[in-house]
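In case you want the letters, here they are:
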Amino acid sequence: MLEVTALNAWYGEAQALHEVNVRVGEGEVVTLVGRNGAGKTTLVRCLIGLHRQVSGAVCFLGRDVTRLPAHQRARAGMGWVQDDRGIYASLTVEENLLLPPSVSERAWTLKRVYEAFPELAGRRKAGGTTLSGGEQQMLAIARALRTGACLLLMDEPSEGLAPVVVARIREIIREVKATGVGVLLIEQNVTFAATVADRHYLLSQGRIVETLDTADLQRREGELLKHLGI
Amino acid sequence: MSQSTATPAPVTEAHPVVAAANPRLRWVLLAGGLVAALALPWFVYPPVAMDIVAMALFAIALDILLGYTGLLSFGHAAFWGSSAYVTGLIATNYGVPFPVAIIGGALFAMILALPAGYLSVRRSGIYFAMVTLAFAQMVYFVGYQWSGLTGGENGLQGVPRHFFGVELVETDSFYFYYAALPILLLGMWAAWRIVHSPFGRVLVSIRDNTQRARALGYEVDKYKVVAFVLSAGLTGLAGGVFAINHGFVALTELHWSTSGEVVLMTVLGGIGTLWGGVLGATLAVLLADYLASSGFDGIDLVTGSVFVLVVLLFRRGLWGTVRHQWLAWQQRRSSRRTRSGGGTRR
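Residue numbers (our numbering), protein chains in the order written: chain A, 10 to 239; chain B, 716 to 1061.
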């Protein structure tokens, strides 16, 4: 579904990503693990098309999208769930949900969104940012699913949330995966990553240094935590 | 783990949720506004009343860009003035009923806005303002130099007011007011529809966060151009009515100070409130009219001082401040109610 080959990215003179190769299959959850500043968010911004100073190739659904501007990638089916959730304060919950265009026939109806996220159903007329952090995270995910995106790029969805909410997010990611949507998850929380993802890329100083499966990850959790400096 | 960002961002005070919470209040305000618009020429000299409503639509049209798209246009005189000239020329040369001439003027403004918008939306902030200003200055100089068509410094004189041979409307500005009012009200309704449509929500998302709007799948520049052209069209509608109302088009309508004046009115009423423009225009026109008839020389001194005071005391503008206080009062009331009802909802 998503195939990134030899991606390099720069900020001016400084190279932020070196020869990055990443693959996400249909219905697969893949995490990017790495320290602050390793290049995780840069990679996602390159994929969604907001960072354009790149070389290499990004293939999405068998199509080279490296030169496509951000809005066309979104319309091709990439959904971005930002780390700050990207909820509009001046729009209500429902307006936030309906804001992005539907991009494919797998687009969710509002009814389906509210069934899957009953937390949002009761607050549909509330201002987007009057929701709690967890609810905002759900809204951000729901908004991407509502468009019918087939690949979700999620930037630290568990960050700063209470354990019970993190468990709910985990459940949601599993449900999303079951519908065949691919998920690329940026995560610093190794424990959380281990419970939802199929594969893990360890990113360090702009390079993919290791590719692990979940068994590896769990076995080496202590070592990785040390690497991540947590 | 990095610093928690779980605390929800505070609701941006300047931009509360677009949808109004209270539909009954909305009807009351709408009815009040309509009554005020209908009663206005009974209390104010009718041509001045017409100016107020035309300026109000002008300010509302600017607010679509300034308040809802986050673009400060400093060149709207180009659309206001060019529509006034085109309306005047059509009315003079073809003798059509004035609404037709006005529609012609508005269409011309939209056509003019297309290249202007296309070029200017590539920049934002002060650069956008400067590109629009530069464009408006070019239009001004065309108007100034092409005196064979526009009358140059003398302006376009003797613009007729044809209206299907209805003599009362053609000669009496009191009746003309009621004939032209629907055009302006229709323009205001269109602005309201634009802002509250899905298209309007995309504009708001662009204003709040351009990159995010792009990543959600919207071609930001295209939306900005469309907003620009729509705003210019409504501005043109207002400028056309203004021209017919005065029977005369002056070069001032194209001058940059007109662009400044409408920004002032919009800010006075409250950016991003739409109806604030009505208050701002009413205040500015009435004040200028009162001072002009009082024989006082320093009109700009007084309007300038009022502007500075309003901006310092009521940051959200007149309408914005009233709305903010009303919402805050409602919130206090409802939170008191839930507290007495046992436990606050968090």
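Quick caveat, the hints were computed from the structure, so don't treat them as lab data.
Take the hints with a grain of salt, since some may be wrong.
Stated by the list, open to error - No more than 25 Å apart at the CA atoms, straight line, and that leaves these computed lysine to any residue pairs for SDA-like:
| no. | chain 1 | residue 1 | chain 2 | residue 2 |
| --- | --- | --- | --- | --- |
| 1 | A | Lys134 | B | Arg741 |
| 2 | B | Lys937 | A | Asp73 |
| 3 | B | Lys937 | A | Gln62 |
Taking the hints in turn, this is what the structure says about them:
no., hint, in the structure
1, A:Lys134 to B:Arg741, "17 Å, holds"
2, B:Lys937 to A:Asp73, "24 Å, holds"
3, B:Lys937 to A:Gln62, "23 Å, holds"
Violation of the numbered hints given earlier is absent; every hint is satisfied by the structure.
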